[in-house]
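Take the sequences, apply the hints, and build the full model.
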Amino acid sequence: MAAQQAEGRAHFLETHDVSRETRARLDQYVALLTEWQRHINLVAPATIGDVWSRHIADSLVLERLLPPFQRCVDLGSGAGLPGLVVAAARADQGGVVDLIESNAKKVAFLRAVQRGLGLAGTVHAARIEDCGAALAAADLVTARALAPLPELLAMVAPHIRTSARCFFQKGRSHEQEINQAAAHWRFTVVKHGSNLEDGSVILDIGNIARR
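Under numbering that gives the first Met the number 0, the first residue of the sequence shown is numbered 0, with each subsequent residue one higher.
Certain hints may be false.
Unchecked claim - Here are the simulated distance ranges between beta carbons:
hint: 1; residue 1: T46; residue 2: S172; range: 15 to 23 angstroms
hint: 2; residue 1: N206; residue 2: R126; range: 21 to 29 angstroms
hint: 3; residue 1: S162; residue 2: Q3; range: 37 to 45 angstroms
hint: 4; residue 1: R209; residue 2: G117; range: 16 to 24 angstroms
The hints are simulated quantities; they were obtained by calculation from the structure and are not laboratory data.
Even for Gly, the Cβ is constructed at its ideal location relative to N, Cα and C.
Written as structure tokens, this is what we have:
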């Protein structure tokens, strides 16, 4: 696995332009993720060797789409993807990334990474529905493979500002999800390509309102 990770890191650095400081933070994150993965299931076990291509690069694609922000809130953060990668990449720009996660073991991991990397932000150990104050303060909201789009909009719409934008990473069924959500919500949506798998996208959603 170590050799596989080293090969993946080398390819990542050849294909992604990141600062020395960001690279150091990502190295720390991968080391902590690999260590904690031995004790709790943070990512699919088969993907830990491919962490750089499967998880880091995928999260960085989303990060590159994000406009400048004061506060970003990551929903259902789990292993911190994309939230911790966004925080690591934006740490020198002053943006704060809050993470919402209800699983106590994953919360412990997220907090350990925040401390270890010196990242600004709060880990909210709660369900998304109970984090209205955090969402109300967000400029941006992110989520990766968390829930169908209609459910995501129902969770965030009552709390976020009308100016807030949501960036949701979605798979091949995204068109169906958009159509289902449009039956109950009005919103603008821009689809950006993702490199995780064929047909995957990042949905940039704004101006959410109930029909």
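Item to check | Ascending list of hint numbers which this structure does not respect | outcome: 4
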